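A.B. asks: Read off the chains here:
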Amino acid sequence: MNSDAMTIGDEVRAWLADHWDAESRRAKAGGSLAEWMDQVMEAGWAVPSWPTQWWGRGLDKKSVSAIVNEFRKVGAPGAGQDRTNITANSVMQFGSDTLKRKIIPEFLTGRAHQCLLYSEPGAGSDLAAVRTRADLQGDHYVVTGQKVWTSGARNADYGLLIARTDWDVPKHEGLSFFIIEMRQPGIEIRPINQITGDSHFNEVFLDGAIVPAENRVGDEGQGWKVMQTALAVERLVMGDGAGERRQGSSKNNVVSLIDIARETGKIDDPVARQDIAQAMAYRQLNALNMLRAKQDMAQGTASPIMSLGKLAMSRILHEDARVMTRLLGAESMLDGADHARAADINYRTANAYMTSIGGGTDQIQRNIIGERVLGLPRETEADRNLPFRESRAVTG
Amino acid sequence: MNSDAMTIGDEVRAWLADHWDAESRRAKAGGSLAEWMDQVMEAGWAVPSWPTQWWGRGLDKKSVSAIVNEFRKVGAPGAGQDRTNITANSVMQFGSDTLKRKIIPEFLTGRAHQCLLYSEPGAGSDLAAVRTRADLQGDHYVVTGQKVWTSGARNADYGLLIARTDWDVPKHEGLSFFIIEMRQPGIEIRPINQITGDSHFNEVFLDGAIVPAENRVGDEGQGWKVMQTALAVERLVMGDGAGERRQGSSKNNVVSLIDIARETGKIDDPVARQDIAQAMAYRQLNALNMLRAKQDMAQGTASPIMSLGKLAMSRILHEDARVMTRLLGAESMLDGADHARAADINYRTANAYMTSIGGGTDQIQRNIIGERVLGLPRETEADRNLPFRESRAVTG
Amino acid sequence: MTMISPDERAAMREGFGRLLAEKCVEADVRRVMATQSGNDPALWTAMADMGITALMVSDEHGGIGAGAVEIEEIMEEAGAALLAGPLLSSAFIAASLIGLSHDDDAKARLLPTIASGEKIVTVAFTGDSGSWDVPGVTVTAQLQGNQWILNGAASFVLSANLADMLLVFAQTPDGLGCFEVDPAHVQIEPLQSWDPSLRLSKIMFGQTQAVHLAGVNDATFEQTLDIARVALAGEQAGACRRIFDITVDYLKTRVQFGRPIGGFQAIKHMAADLLIEVESATSAARAAARALDADAPDKDVLINLAAFACADAFSQVAATAIQMHGGIAFTWEHPAHLYLRRARADAQLFGQSDAYRERFVAAMEKAA
Amino acid sequence: MTMISPDERAAMREGFGRLLAEKCVEADVRRVMATQSGNDPALWTAMADMGITALMVSDEHGGIGAGAVEIEEIMEEAGAALLAGPLLSSAFIAASLIGLSHDDDAKARLLPTIASGEKIVTVAFTGDSGSWDVPGVTVTAQLQGNQWILNGAASFVLSANLADMLLVFAQTPDGLGCFEVDPAHVQIEPLQSWDPSLRLSKIMFGQTQAVHLAGVNDATFEQTLDIARVALAGEQAGACRRIFDITVDYLKTRVQFGRPIGGFQAIKHMAADLLIEVESATSAARAAARALDADAPDKDVLINLAAFACADAFSQVAATAIQMHGGIAFTWEHPAHLYLRRARADAQLFGQSDAYRERFVAAMEKAA
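Protein chains in written order, with the UniProt record's numbering: chain A, 1 to 396; chain B, 1 to 396; chain C, 1 to 368; chain D, 1 to 368.
Some clues are possibly wrong.
[Claimed, not checked] DSS-like, lysine-lysine: derived pairs with alpha carbons at most 27 Å apart: (1) Lys294(B) - Lys266(B); (2) Lys202(C) - Lys266(A); (3) Lys202(D) - Lys294(A); (4) Lys107(D) - Lys266(B); (5) Lys266(A) - Lys61(B); (6) Lys266(A) - Lys202(D); (7) Lys73(A) - Lys62(A); (8) Lys225(A) - Lys294(A); (9) Lys266(B) - Lys299(C); (10) Lys202(C) - Lys266(B); (11) Lys266(A) - Lys299(D); (12) Lys100(B) - Lys62(B); (13) Lys294(B) - Lys299(C).
No wet-lab data here; the hints were simulated from the structure.
From a predicted model like this one, the values you see are computed outputs, not experimental measurements.
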């Protein structure tokens with residue numbers, strides 16, 4: 001740790017001692033969580049690496065780590081969102097100054113909730129094939145189309161929207177990125193019934209919805225690049241076990257296979273033990289990989305290992321569910337509140353697809369690893385250079 | 001069985017009773033195997049489905065089955081080569097009458113041996129990328145280039161050769177198929193050292209080798225089609241356990257995993273038993289599939305199952321070797337005559353790649369199954385329609 | 001056993017397939033699985049009219065006298081359509097058990113009504129362990145005077161909610177026996193199942209009066225389960241093939257990146273590998289059926305092979321089908337998860353793959 | 001234990017890597033594996049000059065006093081280059097065993113010469129079972145007067161052909177002990193190995209005189225093997241990464257169907273899956289080394305995890321590398337099969353994956 005980081009560590013510790021009660025885990029000034037976040041933001045801890053005129057302190061990565069670390073020690077929220085807050089980062093990187101001033105404080109303080117309006121029925125793995133249109137009319141765009149797999153749509157104040165603004169250029173070049181207000185007449189939200197029995201996701205129908213031109217993030221045609229930046233942050237977060245926390249289940253997700261084996265009387269079954277070992281190994285190896293990636297990154301080296309996390313997590317979740325099913329045996333046929341253990345395992349079996357399909361399928365993830373990490377040649381894309389109007393996404 | 005087949009069954013039985021001694025498994029007339037084959041060919045049993053003017057009897061498939069069946073019953077060789085003799089079939093289907101008369105009897109009687117001059121260092125999976133050239137000069141072609149993975153080259157009288165006769169058309173269209181005499185000055189043969197320790201395969205260097213124009217099979221530019229027909233026959237033969245017989249090892253290839261487990265004291269290890277079960281299951285399931293395919297074909301239905309055999313066999317051989325290694329434990333590190341069991345298993349481990357790579361890799365085989373059996377869209381081929389001269393196979 | 005020619009068999013299968021294509025499409029499956037009974041009475045009647053319910057009953061008792069080969073093929077069609085209801089449990093399993101017994105009175109009373117579809121009979125094999133072996137039977141039977149009395153519980157019983165009569169395996173002082181029990185005399189607790197087309201129950205016996213089914217012992221228990229396993233293997237093979245076909249069709253029509261996704265090599269290769277599983281399941285199920293009918297020396301090898309190979313194939317194909325479909329198959333409205341649910345239930349019914357692999361090796365050892 | 005800074009460690013690793021890049025290229029590996037000794041004396045001297053052979057010897061005995069973290073990293077480089085010879089057996093394993101003993105005399109006599117590379121010492125752990133556990137030791141030791149006498153046989157002994165001194169585990173009347181044996185006093189039978197870079201021997205003892213190594217027991221046996229396992233995990237991780245890198249390079253240059261084969265999705269996806277194995281092996285080997293040096297509570301969990309994860313990763317990557325190369329890797333001249341041979345040997349040395357998985361679960365049970 002260098003002396004700069006030492007200094008900042010001292011400063012943040014002192015600030016926290018003044019403003020945060022570690023005992024009760026509350027702000028000394030009292031008030032709401034958002035009001036605490038106001039203080040964090042004003043002090044420059046929310047986004048320490050950003051410039052001072054934009055809620056930051058212009059600090060380096062090590063200093064940010066030191067700050068996050070001090071906050072974590074005393075259980076205080078809100079620091080280091082320059083690493084994790086997808087919306088704030090996208091707007092900061094690509095938005096106009098007007099938009100930054102309007103949107104970023106709402107997100108850094110947690111006052112605003114967002115949802116992602118990316119996927120469409122015809123644009124899943126091929127996200128660039130979106131057909132939702134945004135047509136500029138004076139000082140605003142009119143948006144029409146259909147989005148799917150939007151979680152949190154009902155609760156969201158803003159949607160991060162990718163839509164097509166130009167139909168006469170190749171598909172990646174005609175997209176623009178917007179932050180659209182969700183509570184307006186042109187937007188209808190319908191929940192999706194999932195195979196898990198949950199409905200965390202929604203379809204979002206946009207029919208003449210309005211978004212001010214100043215809410216465009218980046219230039220017209222830059223939407224793909226903006227979205228990729230946002231997605232990269234998201235994927236990094238997912239591999240590190242966060243894929244499980246995202247599942248929207250309140251269940252404690254790391255369940256010991258050993259406990260299940262004990263409960264089901266299989267703990268001495270040598271065949272079951274081999275299965276248990278392999279499933280637990282997948283989980284531990286991923287944790288060790290992520291640990292190494294973080295060490296690499298702390299030393300300033302970009303780590304290719306991070307990109308493996310989501311794919312590894314997919315294998316972990318499917319394999320856990322498989323081994324749990326095997327341990328449960330006939331009981332795994334049952335479901336419902338009377339059979340809580342079986343219900344949990346069945347839920348996991350279905351929900352594992354959220355990781356292996358959602359946010360980029362395992363297959364897309366393997367493409368990304370092969371191309372971006374290993375440097376293998378890109379997939380040939382039949383319609384990559386066609387004007388979108390002439391591509392099969394439109395002509396069928 | 002219809003009455004035609006009944007009649008032919010009676011006739012062939014009578015003929016065999018006159019000409020073949022089932023006791024001693026020899027021709028009643030005595031003489032060499034080739035002399036017996038002369039009799040079989042003259043009687044029309046060698047290729048019963050071919051026309052009568054070409055050593056055949058113009059019979060249908062069921063009759064051929066009946067004939068093959070009768071020969072098998074008494075252990076007589078030589079019948080039904082219209083199903084299995086790759087060279088004879090290719091020449092019959094695509095060759096000139098002159099070539100047929102010259103070549104086919106030599107092959108049907110087993111007097112001539114052949115080798116396959118298909119693969120090249122730059123043309124493995126992409127067989128159509130061959131760069132061996134055959135240039136017409138008067139009444140013969142002059143052949144220059146390099147072939148690899150040729151088994152039996154030293155013992156061969158003829159080579160089945162695919163070479164490029166036109167460099168200005170796309171790669172599949174500029175190929176021609178020849179039957180070239182192997183014993184000539186322009187041909188040099190060098191054995192390949194395999195990872196098994198064997199040298200069943202050779203490199204064949206052609207430097208101004210000569211092949212008469214009449215030995216071309218099919219028209220100029222038809223070579224791809226002729227070779228595909230020959231390869232299809234070969235792949236069908238491979239799935240049905242023949243992949244093992246082709247390994248060139250004199251070892252008995254179906255070894256009981258149960259016997260090995262007994263010998264190594266692992267027969268009561270429940271974990272080992274699961275492994276044994278799965279490996280034996282792969283083998284039995286493939287055998288059941290092949291049985292069903294034959295039943296389908298006997299009923300005149302083309303069976304897509306046959307095409308799975310080679311891929312399944314690859315899995316069987318690799319999995320067998322894996323489970324055997326596991327059963328042997330530390331002993332599997334050893335090799336040589338003093339450690340025959342280990343040496344056998346190590347040989348299998350390496351030799352399994354002959355099936356998973358040779359004669360079309362597992363990956364190529366999956367393409368074939370996906371495209372030809374399941375009807376999925378073809379792989380896009382970057383250079384499919386380029387003049388070969390301009391393709392990366394030439395330009396690098 | 002079989003008096004049915006291959007042509008008759010093919011015709012019956014085709015007719016049954018047509019019936020299901022009309023009356024057991026996905027909407028019907030969803031409609032029936034939402035009912036309490038889990039059965040479609042109209043379809044049941046149509047199946048009875050067609051003779052499907054009479055297959056495993058001998059002709060002297062009003063049936064057709066078919067064998068494992070026939071019911072395996074019928075179950076391939078049933079599985080493909082995700083048919084729900086008591087075909088397997090009553091017409092195939094219960095009828096087989098009664099046929100295997102030496103109880104002429106029970107045969108005369110029960111078999112004609114099973115064959116006609118009029119009555120539904122189901123068999124209780126196992127207890128809470130769900131181990132489907134003799135030690136797993138936790139119902140006990142004792143003779144009190146002239147009356148057999150049952151105590152204990154049986155679980156994972158198929159279609160007990162519909163049953164007019166229960167056949168219950170129980171431990172007697174002289175080994176395993178089987179007993180007729182009137183469903184009105186026991187407590188039947190429905191067990192919620194993850195596969196919504198399945199109706200499972202737990203049955204509690206408390207000094208319950210029962211009628212002995214003569215001539216049933218440990219061997220009959222295994223023989224009956226072998227028939228159940230072969231029938232289930234057929235269901236798995238048929239269902240596995242159908243969800244595979246659905247998937248391959250989707251791969252040809254779903255366009256991403258400017259072309260059908262089946263053109264992408266990773267997907268294409270997954271499909272090729274699954275085809276091996278699909279064909280192997282079919283081959284294994286049919287070979288087991290032939291061996292069972294022929295009482296062949298390799299019967300145990302082939303039945304156990306089919307049991308785990310078909311279970312594993314169906315589970316793998318159904319699971320991979322969801323992955324290959326992507327997001328659309330994560331919705332309740334898409335049928336893929338219904339196949340996954342059936343696959344996971346079928347992988348537990350009558351025994352589990354690891355145990356079958358162990359039995360398969362043991363059978364091979366005997367042969368070796 | 002470790003007195004070496006991360007910077008020093010990195011410098012040493014880099015220097016060793018450079019040495020191997022000069023003196024242990026594929027041609028050298030092939031040259032050395034064709035010799036009877038299986039060792040390159042010039043390279044051995046260079047390694048000794050660099051201090052590599054002194055790593056596991058404490059500074060009081062002329063060594064460097066490094067720990068598992070250092071030798072794991074050195075073994076990554078050694079594995080990548082397929083280094084042959086007695087580095088692992090003498091400098092790392094034998095030195096560790098002597099260091100763990102309480103035998104000051106043996107330490108003073110043997111450690112300085114091991115550190116300098118002057119003498120080669122190797123350890124005989126197991127008998128014909130190759131089970132690398134205490135019951136697997138089949139040499140017996142008895143005290144006759146003041147003299148220890150060994151009988152029986154040890155097998156799978158590394159580099160015994162080169163050894164100046166053997167350290168032999170044996171069953172004594174009071175449990176396991178360890179003994180110094182002069183190689184001239186025993187019969188050493190070379191065992192032909194499928195990995196031509198490996199030199200294994202069987203050693204036969206017949207009333208052989210031996211010197212007791214004080215303070216070695218069952219626990220020392222396991223401690224020594226744990227060091228061996230971590231070092232081997234490093235070798236596996238390093239070798240696994242190198243053959244993977246060789247393969248990925250080939251995928252970028254080998255053109256078929258008009259483009260580099262790494263552009264084909266099936267191949268690309270295989271590579272992505274293998275990358276997870278490669279990275280996991282590295283992470284596991286290093287974590288095990290750190291835990292061993294720190295005597296951490298999860299030491300047993302992490303050592304056993306590394307043992308099977310690295311063995312399985314290397315085996316899988318080496319095997320798949322041949323498939324991904326196609327025909328060229330089926331030739332003896334291509335290096336891929338040398339990695340496969342090393343992978344299959346390493347998967348047996350010091351224990352097998354199934355046994356490690358069992359031990360891993362047992363260690364997790366203790367922790368849970």
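A.B. asks: Confirm or reject each hint.
C.D. replies: Here's how the hints hold up against the structure:
Between the alpha carbons of lysine 294(B) and lysine 266(B) the distance comes to roughly 37 Å, so the proposed pair goes past 27 Å and is violated. A distance of roughly 23 Å separates the Cα atoms of lysine 202(C) and lysine 266(A); the hinted pair therefore holds under the 27 Å criterion. The straight-line distance between the Cα atoms of lysine 202(D) and lysine 294(A) is roughly 46 Å, outside the 27 Å bound, and the hint therefore fails. In summary, the hint linking lysine 107(D) to lysine 266(B) is not supported, as the alpha carbons are separated by about 41 Å, beyond the 27 Å threshold.
A C-alpha spacing of about 56 Å is found between lysine 266(A) and lysine 61(B), which places the hinted pair above 27 Å, so the restraint is violated. At roughly 40 Å between alpha-carbon atoms, lysine 266(A) and lysine 202(D) are farther apart than 27 Å, so this suggested pair is violated. Proximity of lysine 73(A) to lysine 62(A) is assessed by CA-CA distance (about 17 Å); at most 27 Å being required, the pair is judged to hold. Simply put, lysine 225(A) and lysine 294(A) have alpha-carbon atoms about 25 Å apart, close enough for the 27 Å limit, and the pair holds.
For the proposed pair lysine 266(B) and lysine 299(C), the alpha carbon gap of about 25 Å is at most 27 Å, so the pair holds. Of the pairs offered as hints, the one joining lysine 202(C) and lysine 266(B) is violated, with about 40 Å between alpha carbons and a cut-off of 27 Å exceeded. In summary, the hint linking lysine 266(A) to lysine 299(D) is supported, as the alpha carbons are separated by about 25 Å, within the 27 Å threshold. The hinted pair formed by lysine 100(B) and lysine 62(B) meets the criterion: a straight-line CA distance of about 25 Å does not exceed 27 Å.
With a CA separation close to 21 Å, the supplied pair lysine 294(B) and lysine 299(C) stays within the 27 Å bound.
Checked against the numbered hints given earlier, the structure breaks hints 1, 3, 4, 5, 6, 10 and satisfies all the rest.
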